[in-house]
Amino acid sequence: MGDITLKINNVEVSAPEGSTILEAARLAQIEIPTLCFLKDINEIGACRMCVVEVKGARSLVTACVYPITEGMEVFTNTPKVVSSRKKTLELLLSNHEKKCLSCIRSENCELQKLCKDYGIEDENKYDGEKPQYELDESAAHMVRDNNKCILCRRCVAACEKTQGIGVIGANERGFKTFIGSVFDFDLADTSCVSCGQCIAVCPTGALYEKDFTDEVFAAIADPEKYVVVQTAPAVRAAIAEEFGNPIGTNGEGKMIAALRRLGFDKVFDTNFSADLTIMEEANELIERVQNNGVLPMITSCSPGWVKYCEHYYPDLIDHLSSCKSPQQMFGAITKSYFAEKVGVDKEKIVMVSVMPCTAKKFEIGRDDQDANGLPDVDIALTTRELARMIKKAGIRFNDLPEDEEYDHPLGDHSGAGVIFGATGGVMEAALRTAVETLTGEELKALDFKEVRGTAGIKEATYPVAGMDVKVAVASGLSNAKILLDKIRKGEADYQFIEIMACPGGCVNGGGQPQVPGYVRNTVDVRAKRASVLYDLDQKATIRKSHEVPEIKKLYEEFLGKPGSEKAHHLLHTSYVKREVNRLD
Amino acid sequence: MKNSGGIPFKGTEEQKQQLLKVISDLKDTPGSLMPIMQAAQDIYGYLPYEVQKIISDEMGIPVEKVYGVATFYAQFNLNPKGENTVSVCLGTACYVKGSGLVLDEIEKQLGIADGECTNDGKFSLDTCRCVGACGLAPVMLVNEDVYGKVTPDQVKGILDKYK
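Protein chains in written order, with this note's numbering: chain L, 119 to 702; chain G, 10 to 172.
Here chain L stands alone, though its shape is the one from the complex:
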């Protein structure tokens, strides 16, 4: 396709044919404000924030969906345009619950930012009727507050298009329109998988995770409790964003320093149990291959994915690896091996996890996740909640030392463990261990580049010890669906599949710092955050899970060997068949 030449604010611009005014304006360094627009998934031109004047057009047009034409003259900043955008904001505010001081999104609310940018003087200019909605607090992981919803439908698009689920949508019409579920089911009674992608895209405070920071502060303050924290691989790749640093900043050292200053008794790394997962999962895969077990085996680290499988593909749950997720393995080992080692009563341990994920809040309450007669994990926080704790405690994150390290004995890890946070990472980590185990020779080339990158589906075949190992990787549940349908039809000849619920993997999880729509539309957040993890892997002295000294020691001293009875009891779990929505 050729280029089209047009004028924006009297400046000549060339943009590829098929571009929208919004895209052409960006090429001319002009930012047109957007609210409902999310590239590829929510191009509905509904909120009318992006209106511009086009010479010859009868009325203002929406730049996010209006295609450019040769010789077009666009004006993005005329008094008419500005006054229209301002009126749109005033009308949005007319039925918005303006409790901004106590709002969880205060200071990173997209509506608030636009109101500031456009100089809204009176937030109650049109102070008409306001619908009163009850909060939906039914789900384990999140709250819906429709009083703050602006009906942009970004959450609906994330649920339906990105994840292929669609448990939420716009119900009723006109002033009575609200975002909800079929027949007003509580979210907990729907087949919501808890991935939190709706929260990630919400521009306001209408959707947010259930906050457990007070419980953690209380546990730390209780002298009777021994509070242990683990941080997932992807958290370090994003937490610095909460303190004003650019996307793609490694916050590992400062985060460890902050956790110590918050008063946790031990600061451990989920990377350790990611390595442990590889030990168990690689063993399980080899067993399945050698004993004609159910193949392809599919990873089970992502609780959003697991729940999706249980609801939508209950016939395929035998394909799921029986391995618990790294979060849960970590808790099970902490309340057994670690408790014995340091002589702490397991009942006194409060296991806190910091995760890039909202589904982890659901996972800790699942059945068969309490190996020691206690929940493996007591409280699961998101990256955002940890940032909130750090701010509340007055810790100046950016001024903290960079070089603090995790505690031991559950702080060691390999580069394979750290890349768990990016799509393809678990696959690559498993291959490093499985290939060496199967061939019995040292693996020299550790980079399995075919399974890296942010493509929704990746496939590769590796010749290993005389057989072809065929693998696939999917992230984002609408991509997972494509692979699962192939398995159902018997058309999939893979041995091993990695599936992550969130597009790009955990780095782009539903519990990560929220990135405004206007940034999401132009920056590949997934790739930038993933690069932090691949850098850490590259620099790691140990890059294979089975070579981590503390992992070897754990097996020698406690577990025996991968797949042992003890390992099974502590580190493996079971799944349940669920329905799509639950009818009372």
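These are computed hints drawn from the structure, not numbers from a lab.
Wrong hints could be hidden among the right ones.
Unchecked claim - Quick list of in silico lysine-lysine cross-link-like pairs, DSBU-like style, CA-CA up to 35 Å:
id : chain 1 : residue 1 : chain 2 : residue 2
1  : L       : 173       : L       : 234
2  : L       : 294       : G       : 172
3  : G       : 74        : L       : 217
Starting from the known structure of chain L, arrange chain G on it as the hints suggest.
Okay, now just chain G, sitting in the frame of chain L:
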């Protein structure tokens, strides 16, 4: 659940087969969701969860999407019609003569809101716009029977006749 909560679904296998045929005939035509929903309503009289779920499963779309359409358009009913259909005119003449108060009283007497059906299936309640009897305003109907110049205190007596 807000709608069709207490009334058990009584769809028959024959109805289901009829609906499946309609869906398989239409589903590959773009924009066929509404015609399918209209046909489903013709078959069952309303669109309960069970019927919306059949449409969703057969068309491969989320059931919430069907529900969103069903609640957007006034033509779709989420509740069955009762043995007796009560209707209150909210047209201009009736409304200024107080049919809103009559509606409030009916809702109170039957314990249901506009668009709903009582749990025993005896009465369903709707509102309408002008039945062409403005001289009798305010007007309510029970089945084919027209009641004119209705006051709220007459409502109980009228409904009792159909119990």
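Quick rundown of the hints versus the structure:
1. A hinted pair counts as satisfied when its Cα atoms are at most 35 Å apart, and residue 173 of chain L with residue 234 of chain L qualifies at roughly 29 Å.
2. Pair hint residue 294 of chain L plus residue 172 of chain G holds up; C-alpha atoms about 34 Å apart against a cutoff of 35 Å.
3. A hinted pair counts as satisfied when its Cα atoms are at most 35 Å apart, and residue 74 of chain G with residue 217 of chain L qualifies at roughly 31 Å.
Of the numbered hints listed earlier, not one is contradicted by the structure.
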